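Trainee: Single-letter residue listing:
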Amino acid sequence: MLRLEKRPNPSQFWLFATPVVAVILTMFFGGLLFASMGTNPFTVIKTIFWDPVFGEFAFYLRGQLLVKAGPLILIALGLSLGFRAGIWNIGAEGQYIIGAICGAAVGLAFYPTESRLIFIPMIAAGLLGGWAWAMIPAILKTRFNTNEILVSLMLVYVAETILAKAATGFLKNPEGMGFPGSRNFSSYPAAANPELIAGSGLHWGGVAAIVIGGLAYVLLARHIIGFQIKLSGQAPRAARFHGVSPNRLVVLCMGISGALAGLAGMFEVTGPAGQITIDFNVGYGFTAIIVAFLGRLNPVGIILAGLIMALTYVGGEMASTNLGLPSAAIQVFQGMLLFFLLGVDVLTNYRIRMAGGK
Amino acid sequence: MLRRTLLASAALGLGLMAATSSLAAGMDKVKACFVYIGPIGDGGWTYQHHQGALAVQAAYGDKVEIAFQENVPESADAERVLTTMALGGCNIIFTTSFGYMDATNAIAAKFPDVKFEHATGFKRDSANVSTYNARFYEGRAVQGLIAGRMTKSNKIGYIGSFPIPEVIMGINSYYLNAKAVNPAVELSVVWAFTWFDPAKEADAAKALIDQGVDVIASHTDSTAPLAEAAKTNGAVIGFGQASDMSEYKDGPRVSSIIDNWAPYYVKRVGALLDGTYEQADAWEGIAGGEVEIGEITALVPAEVKAEAEALRDAIAAGTYHPFTGPINKQDGSAWLAAGATAPDGDLLGMGFFVEGIVGDIPQ
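First to last, the sequence lines map onto chains A and B.
First residue of the first sequence: 28, per my numbering; consecutive thereafter.
First residue of the second sequence: 305, per my numbering; consecutive thereafter.
These aren't lab readings, by the way, just hints derived from the structure by calculation.
Be aware that one or more of the hints could be misleading.
What the hints assert, rightly or not - Calculated pairs, DMTMM-like style, for lysine to aspartate or glutamate (alpha carbon to alpha carbon, straight line, at most 20 angstroms):
| no. | chain 1 | residue 1 | chain 2 | residue 2 |
| --- | --- | --- | --- | --- |
| 1 | B | K459 | B | D664 |
| 2 | B | K414 | B | E582 |
| 3 | B | K427 | A | E202 |
| 4 | B | K535 | B | E582 |
| 5 | B | K504 | A | D306 |
| 6 | B | K456 | B | D514 |
| 7 | B | K633 | B | D617 |
| 8 | B | K335 | A | E222 |
| 9 | B | K456 | B | E470 |
| 10 | B | K483 | B | D664 |
| 11 | A | K192 | B | D664 |
| 12 | B | K414 | A | E83 |
| 13 | B | K504 | A | E187 |
| 14 | B | K335 | B | D578 |
| 15 | A | K192 | B | E551 |
| 16 | B | K483 | B | E611 |
| 17 | B | K427 | B | E611 |
| 18 | B | K414 | A | E222 |
| 19 | A | K192 | B | D501 |
All figures in this text were calculated on a predicted structure; none of them were measured in a lab.
Please put together the full structure from these sequences, using the hints given.
Mentor: Given below as structure tokens:
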């Protein structure tokens, strides 16, 4: 009989080995899945993990990895702070939407200005919008002890309804012949978030992701707030004795994660997406939860995890188009990654023992 | 001097010949690619587009290669999918949702040798972008007639997806043609703000049934409204949308609008093969075979069925237009004079209800 035994201390080895083992297991079982569907598993795995970076069209797809990874990293960085402290913001998708609407609204209000300065209040509006949306579950939790998981998640659907309103109503392009969707920022250069180096895929969102990754690292490693966050997650009682106010921490962590999600939404709507549309959000806020855990809630890890996640999307799409795999198979493949990650993660805190006899 | 001119004109002539022949020569093999908003098994919108793609394969066999991508969001992802398709050797790319409009035009500008075909849009920024749509309002007219004849409560309903011209046009056509046969008819519109969400669509249907509505048409793609109607034991009827939804044929589904994209896809890929391809703005309806009226079931009395089929045939023959004046706008102002038919431009940008419909279009 196999039996799990709690380790006295989390294993440092498994802490770092878990993501690697999870990726390898995903490749193996994903390969079995693809083989059972009649495609060559090695070709599929190569198409997903190798071709986007080194293949024929890598010159284009490498940049696309950054486009896809940017918002994932930004959102995941914010989420990781709360997750460390045991504060579960599941509604980053909603905060992302509201940030995008607020940022776009400020830009569109000044249409057609030619002053590049407009981009600064737009960034502020994106941050504030996401922050404010996250404050709803935060304050409900601190005041009325509601569950922030449920409230933040349900607010995603409220945000989606507001998004539909924005696309068909108050932000609708007045020259769009009645069709839904705002003006496109690609033809409004003062307020746009363009590629900084042509073909690189890098826009201000990517720059922000790297800068904020650095700040998050310093915060966690060197700042008292980082210490309080970690302490609250590991030993809530000790944290209270240490003088950490749980309510203050909830407001802080929810606020930071909401603001960063809003920022990601604002960069996305003015850059790669280009406009507010009914289906503007594509699930970055939810995928970022996977990225945060895949990256071990560690800023450097999150940047790497964001890139790997982007790879499964971009490569998965290539596999789907070129090899005729149904997109559901690719989604199963991505799901396996989270499944194995959580499964293998058990080994960080537990070890497997052979139980002899009784 | 003379020789140089001769040479130059010869070269020019050769160049022209080369240019014209490359235009007219057609291609030996075409790779046709399709971008889908949903999964090919959605039973509605995407399913019907994929049937069109399969028809292209069946029509040209080895001369075409089909590739497609499901579940492509209407965002930056669409641009990436289009770029990789164009880089990957697609000769013609069909983008099958309205939300791909800007992405299609942006990528088309970068790949002038690849043909792009965008469904339901209006932007054709470069010469290699064509648009196509179907005159679904023609099918709505037939549904309206059936609704007007079949309702017992004189209350009919419509589940709107989004307040865009395409949908508003359908609502107006449905109402006008119901009212033409039943002046007492009243229309209720419920906005679901989704294209596909069975739970929301079921709620919308319930809301209509609670108001006493007994005929429901929907502009959303799932079978949920029919499932709700089925619970009323025959008191409420409805229509199949986008696909036939024939699984409800023994129940509330009395007819349907079927999107048939196959004729257009076969025609366009064929034109590319034989070299006759040109930029287009296609808007075919019942006559072109793109809008089909699904079988009218036995629940509908024979004389109503005959009347509905006569209306369908009159529309196909061009002797009847579903928007024929006199028609006023909801606010009472004049739109179409007696005998006038709606210009396409008015329909494509339609942002108002016609007189008699109660309720506002959400802004």
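Trainee: Provide an ascending list of the numbers of those earlier hints which the structure does not satisfy.
Mentor: 4, 7, 8, 9, 15, 17
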